[in-house]
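According to UniProt numbering, numbering within the sequence shown proceeds without interruption in unit steps and concludes at 91.
There could be a bad hint or two in this list.
What the hints assert, rightly or not - Mimicking EDC-like on lysine to aspartate or glutamate, the simulated pairs with C-alpha atoms at most 16 Å apart in a straight line are:
#1 K2 x D53
#2 K2 x E79
#3 K2 x E50
#4 K2 x E51
#5 K77 x E51
#6 K76 x E44
#7 K2 x E83
Worth flagging that the hints you see were computed from the coordinates, not collected in a lab.
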Amino acid sequence: MKIRASLIVRGRVQGVAFRHHTARTAQQLGVGGWVRNLSDGSVEACFEGEEADVLAMVQWCRRGPELARVDELIEKKGEYTGEFTGFQVRG
Numbered sequence: 001m002k003i004r005a006s007l008i009v010r011g012r013v014q015g016v017a018f019r020h021h022t023a024r025t026a027q028q029l030g031v032g033g034w035v036r037n038l039s040d041g042s043v044e045a046c047f048e049g050e051e052a053d054v055l056a057m058v059q060w061c062r063r064g065p066e067l068a069r070v071d072e073l074i075e076k077k078g079e080y081t082g083e084f085t086g087f088q089v090r091g
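The task is simple: from the sequences and hints, build the whole structure.
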């Protein structure tokens, strides 16, 4: 089953290569979507793919890369749209 998850990740998540590592992990899992920094210092991401792979991405975002500190993760589930052909880092 394919699913979609949108996240807001708060904590020390900018300036620690969070987006880069998120994109690399998503590509390894074959998950589509995007990740971007927000002006309030948080990171926003959208993942689509096989349920197990998307859930693995959500779990990965709960801890992030080595230098990150995740204080809060807000997850919103949505319907799979199939709109992504890959994974990209946005502004």
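Hints and how they fare:
1. K2 x D53: holds (9 Å)
2. K2 x E79: holds (9 Å)
3. K2 x E50: Roughly 4 Å between the alpha carbons, so the hint for K2 and E50 holds.
4. K2 x E51: Cα-Cα ~5 Å, so holds.
5. K77 x E51: holds (11 Å)
6. K76 x E44: holds (11 Å)
7. K2 x E83: Between K2 and E83 the Cα gap is close to 12 Å, so the pair holds against 16 Å.
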